[in-house]
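With the hints in hand, could you dock these two chains into one complex?
As they're listed, the protein sequences go chains G and U. Under my numbering, the first sequence is numbered contiguously, ending at residue 171. Under my numbering, the second sequence is numbered contiguously, ending at residue 278.
Treat the hints with care, as some may be off.
Said to hold, decoys possible - Taking lysine to any residue pairs in the SDA-like style, the calculated list, with each CA pair at most 25 Å apart, reads:
(1) K256(U) x I8(G)
(2) K203(U) x N128(G)
(3) K9(U) x I8(G)
(4) K9(U) x E93(G)
(5) K203(U) x E93(G)
To be verified - Sample of chain U residues with no beta-carbon within 12 Å of chain G, all distances over it, derived:
(6) A22
(7) R82
(8) T119
(9) E148
(10) E243
(11) P276
Said to hold, decoys possible - Residues on chain G that point at chain U, a partial pick, calculated with CB under 8 Å:
(12) I29
(13) H35
(14) S53
(15) F60
(16) A71
(17) L117
(18) Q127
Because the hints were derived from the structure by calculation, they are not lab data. The beta carbon of each residue, even a glycine, is placed where N, CA and C say it ideally should be.
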Amino acid sequence: MGEEVLVIGRTALVLFVALVLQVGFVNDISIFGVHPELLLAVGVGSGVAWGASRGALVGFCAGLLADLFMAGRFGVVGLSWAFAAFFAGLISENLARANRWVDAVLVAGGSGLGMLLYASIATLFGQNYLADDNLLRIIGIVALTSAILSPAILPLCRWTGAADERLRSSR
Amino acid sequence: MRPPGPNRKRYRRVLLLITLLAVTFVTIDATGGGAFDPVRNLASDVTDPISGAVGWATSPFRNAWAGVTGYEELEDENQVLREELDEIKGNGILETNAQEQLSRINDQLNIRFTEGVETEVARAASGPRNNFEDNRMTIDKGTESGLEVGMPVVTKAGLIGRLERVSAASSVVQLITDPEFVIGVRVGDTQHVGIGHGSGWGKPFIVERVEVNTDIETGNVVLTSGFNRSIMPALLPVGTITEIVTDSASNTLILKVALSAELERLDVVQVMKWTPPE
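Just chain U, with the same shape it has in the complex (with noise of 0.2 Å):
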C-alpha cells in the first residue's frame, strides 16, 4: 500500500500546498468584514442564470420527485394536523394558543410591524445549499431589486432573519436559528429586555441577560428590542416564551422562546428595505 519514493515526495507537497492555502483562506475569512463576499457575490451572479435556466428545465422532474419522495411526510403531516384540528375542536384551546396569543396581542398594541416599511417579497430560490444545517436559505432577490446586506426578513408572523450576503439576482438569508444570530429583544410591552439568539434548527430562540422579576411569564410575547445601533427594528415579533429558567450565577432569566414564524416550509418571505443606522 505505501507508494514509492518519488511519489510520496510528491504527495506530501501537493497536500501541503493544499492545506496551507486552505488555512490561508479560513484564516483570512476567519478576521471578519466579509474577505470572500465579492468572489462568493461574483460565483452567484455568473452561476445564477444558468442554474435558474437548468432549474426550469428540470422543474417537471424535480416536482415529481418531490411529489414521490414527499408523499409519506404530506400523510404525516394531515395526520398532525387532523389531530390538532380535533384537539382544537374539543378542548376550546383555540384562546390559549400561543400563535393566536401572539396575533391577538399584535393585533391589540396595533402592531403592523411592516408598516412604513418597504418591502420586497422575495421566494426560496433552491433547497439547502448544505446538507448539514447551516441555518441558512437563499432567496431569489438581490441587489437589482434594491436589498442590502442586513435587512430584516419577516413573514406575516414575525422575524426570521436577516440578509448576510446580496449578489445582483439572489441573496444568503442567515435564519434567526443560527447559534450566531444575535439580537437585542424585549418581553411584549414591558420594559424588560434581554440578549437573543438562536440555538439550532427547531430548538428554541433563548434570551439571555433578563433581570428577574415577577412580571415574566410563560406566554408572554418577545419582540425585537430596536434600541440604538440596533441590526433589527423595533416591534418585529420573535415568538412567546415557553420556558423560563433562572441563572443563579448571573442571577438572571433565560428564556425559550417557541419561533411565531414557521421556518420549516419558508417559501415566500418579505425583505424590509431597513438598514441598521450608521
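Pulled out of the complex, with its shape left as it was, chain G reads as follows (with noise of 0.2 Å):
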C-alpha cells in the first residue's frame, strides 16, 4: 500500500511539473509553429518504461490534464493519449531487447499516434483537425520533440514507479 501512495505521488508530482512547463514555458518554444506536447511525452514514456496498462493510465491522466486547458470536448485528449501511450506500452513489452535509441523511437512513434488519435477523436466530435493543413506537420514535430526530450522524460517515468516492476531494469 504505502508503494502504491509513493508511486501515485511521484507520478502526480512528475504530471504536475510537466503540465506547468507546458502551460508556462513550452507552450511559446514553437517550432515551424508548433510546440512539443510534454504531458503526452510523460504518458508515452510511463508505457514505455513500466509497460502498457500503466502506460495507459499515466496517457489518461496527462491527457486529462490537458483538457484541462484546452478547448473542446473534455476527456478527449485523454482518451487519445491513453491509447498512444498503451500501443506504445505494448510493443516496449514485448521487445527482446532494447536500448536508449529504440526507447526515442518508441517515445516518437507513441507521440506521434497520440496526436493523430486526438486529430481524429476530436474530428468525431466536430472539431475538424484530421483536414487540419498543417497535421502532419505537427505530427512529425511533436514525435520529433518527444524523441528528443526522452532522454531526459524516461528516467523521470522510471523514478516514479516500484523497482520490481520495472520492465528492463537493465536499461
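Right under this line is the structure:
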C-alpha cells in the first residue's frame, strides 16, 4: 500500500511539473508553428518504462490535464493519449532487447500516434482537426521533440515506479 | 507480440475503464452548461501563479527562441509590407483599401464602438495551448479585473471574440474565426441583417440569411446588429464584404466578410465590460 501511494505521488508530481512547464514555457517554444507536448511525452514515456497498463493510466491522466487547458470536449485528449501510451507500452513490453535509441523511437512513435488519435477523435466531435493543413507537420514535430526529450523524460518516468515492476531494469 | 493471458485480461479492464470514463466525461460536457468549467477555472487558478513565474524566469530564453525562429517570418513580413507600400504609392490604392474604408465610415457615422462601455486592457497570456487550430486565445485578466463570461473582446479595428471561460487571473477568448461563434449582424447603415459565423482560421467570416436585395455591395461594412437578446452590443465593426453569393435554394444572400481586426498578431486587446441582457 505504501509503495502504491509513493508511485501515485511521484507520478502526480511529474505530471504537475510537466503541466506547469507546458503552460508557462513550452507553449511558447514554437518550431514551425508547433510546440512540443510534454504531457504526452510523459504519458508515452510511462508506457515505454512500465508497460501498457500503466502507460494507459498515466497517458489518460496526462491527457485529462491537457483537456483542462484546451477547448473542445473534456476527455477527448485523455482518451487519445491513453491509447497512444498503451500501444507504446505494449510494443515496449514485447521487445526482447532495447536500448536508448529504441526507447526514443518508441516515444516518438507513441507521441505521433497520440496526436493522430487526438485529431481523429476530436474530428468525431466536430473539431475538424483531421483536415488541418498542418496535421502532418504537427505529428512530425511533436514526435521529433518527444524523441529529443526522451533521455530526460524516461528516467523521470522510471523514477515514478516501484523497482520490482520495471520492464527492463538493465536499461 | 500477443500478450500472455493474464495480461490480456488486465489490458481489457484498463482500456474499458478508461474508455468508459472518457465517454462519460465527453457526454457530460456535451450536454452544455459548462459542467467542467469550474474544474477548468480551478486548474487555471492553481497553475497561473506558478506557470507565470516559470514564464517570467524563462522569458530570456523564450524571447531569444522567438527571435531565432521568427527571423525568416519577420523578413517575409517586411517584404510583404514593402510590396504593399509600393502598391499604395503607385496606385493610390489607399482610397479603396477596405480597412481604410471601414475606418472612414466609422468616422462618418461617428462610431466609437467602445464609448460608454467600461473596458479592460489585457494581453495575450501565453502561446497557443493547442497545436491544432482551436480558435481560442488566453488573456491575462480574469474575474479579479471584473471580467465575466460573454463579454466582447475587441481591438481598435473591431470585434475579435468573446470571453468563453473566466478564471481569477486569466480568461479564454473564443475567437470570431470559430465556426461555433454565431452572432447577429447588419450591413453598414442599412437595415439588412443576417446571421454571421466564423469559418476557421484565415478564412472569411460568413454571413447567411440575408434577404436578396440590390443595396448590398462588396466593400460594404458589416457590424454587429445588437438586437434584443443579442450576445453582442450593437455596431461593433466585424469587417468588409469581399464576396456576395446568392443561395438559390433559400433565395438569400451569403456574404463573405474580411475581418477588420488582424488576428495573426494579437497582443493587446480590450475587453468590453458588457454582458448580454437577461
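Numbers of the earlier hints that this structure fails to satisfy, in rising order: Those not satisfied are hints 1, 5, 6, 17.
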